[in-house]
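**Student:** So you can see what is in the structure, the chains are spelled out below.
2 protein chains.
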Amino acid sequence: MLFFTQCFGAVLDLIHLRFQHYKAKRVFSAAGQLVCVVNPTHSLKYAPTRCASAQTSVEQGVLPTCHHHEAAHDPQLVPCTCPLFSCPWEGHLEVVVSHLRQTHRINILQGAEIVFLATDMHLPAPTDWIIMHSCLGHQFLLVLRKQEKYEGHPQFFATMMLIGTPTQADNFTYRLELNRNQRRLKWEATPRSVLECIDSVISDGDCLVLNTSLAQLFSDNGSLAIGIAITTSKVHNAEDEM
Amino acid sequence: MLFFTQCFGAVLDLIHLRFQHYKAKRVFSAAGQLVCVVNPTHSLKYAPTRCASAQTSVEQGVLPTCHHHEAAHDPQLVPCTCPLFSCPWEGHLEVVVSHLRQTHRINILQGAEIVFLATDMHLPAPTDWIIMHSCLGHQFLLVLRKQEKYEGHPQFFATMMLIGTPTQADNFTYRLELNRNQRRLKWEATPRSVLECIDSVISDGDCLVLNTSLAQLFSDNGSLAIGIAITTSKVHNAEDEM
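Residue numbers (UniProt numbering), protein chains in the order written: chain L, 1 to 242; chain E, 1 to 242.
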């Protein structure tokens, strides 16, 4: 009996996921755009004034230390760049993607234009929605964060970071687009490098910023669909790629 | 001697104005776009929780009453729609523009695409920057407001309102665009009618909202250039025009 109840629950979840997928496709009607449903991760131990020192059930037992601004002993090594978790991992930039996939279970999507569908926007701050995006021969990290920069007034911050150096990041432009109910909001900028701290990007406000009321206007049944596009802003320099 | 000092001051002001004009043209490099330098108006008695009841030196002696939500005795008459001032004036929709120009000294600009250059963005809230925009056979009111929706955290709100009925407003789409330093922010929406209260538009957050930090990123030497474009979103209905 319990087995059947669980099966029924799983089927309902699948229908709900399929329905959200359909809704996002309807909003971004461009054919062939990949829609990715991204579930939130609530950061239990998040400290807004410093680098992310979150610790979730997935990552229990990991030291709550922030490495983002600390100099790595070996200049070839970079600390874990996942903005969600404090993680003692260090490694070469080339293996950051596999670390984020395997250890932090962050999905990776292919395609120049994708739709990021963040669910459960009503959840209290601090909450993050994260995916990786593989495009133009590089990997990008899209972070949507709900945070109370001013106490009692949660805001949404969305930004894209290149899993690469700041020099490589300068070659790209990313665009985030919200489109619903005869309203459209577009943000275009150069991505930051994951070597920079995500928290400083958010505290500088140098990203797409949404008040709760504006986020609600663009949300559909608690989910926010963000269209993402990445283009090259410069001719690639072979040296920059190294 | 005093005369020469004043003349010198006036010349300096003109050079400064010309320089700002040039800067805005440089930012919005599209040829033929009209740049309008808009100076701020500080609202001394502004009450954020209700309709604008400001009283400035220009308007001293005017009753500080808000008419925006009160029913006019004659349904053909509308109250003064200027969001800056509380004004006891009532008149037909057709003469609102001349009232705003003559009594409130609000400039009117022609052209489908213009650049609104708001000066002195650093001034404390509440502050407004207003112009009228004549385009596609209609007049629009562009309002940029600096307001502390949350105490101690001023934000900028920009919106466009049609000097016409809500049915007429539905025929248009307005776009506000900020573009500076490899960053671009675009807001597109249907304008509201001036018959609706500007304060409710702002408290709903249904407009372009900028945090102080984001406004600073787009500002150049204390001035914010906003590109404005208006298009028709529907085929005009002859009945709606009446």
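There's no promise every hint is true.
No copy labels: a pair is met if it fits in one copy or bridges any two.
Calculated cross-link-like contacts (lysine to any residue; reagent style SDA-like; alpha-carbon spacing at most 25 angstroms) [claimed, not checked]: (1) K149 - L136; (2) K149 - T119; (3) K149 - L77; (4) K186 - T232.
Rather than coming from a laboratory, the hints here were simulated on the basis of the structure.
**Student:** Which earlier hints can't be squared with this structure?
**Tutor:** Of the numbered hints, 1, 3 do not hold.
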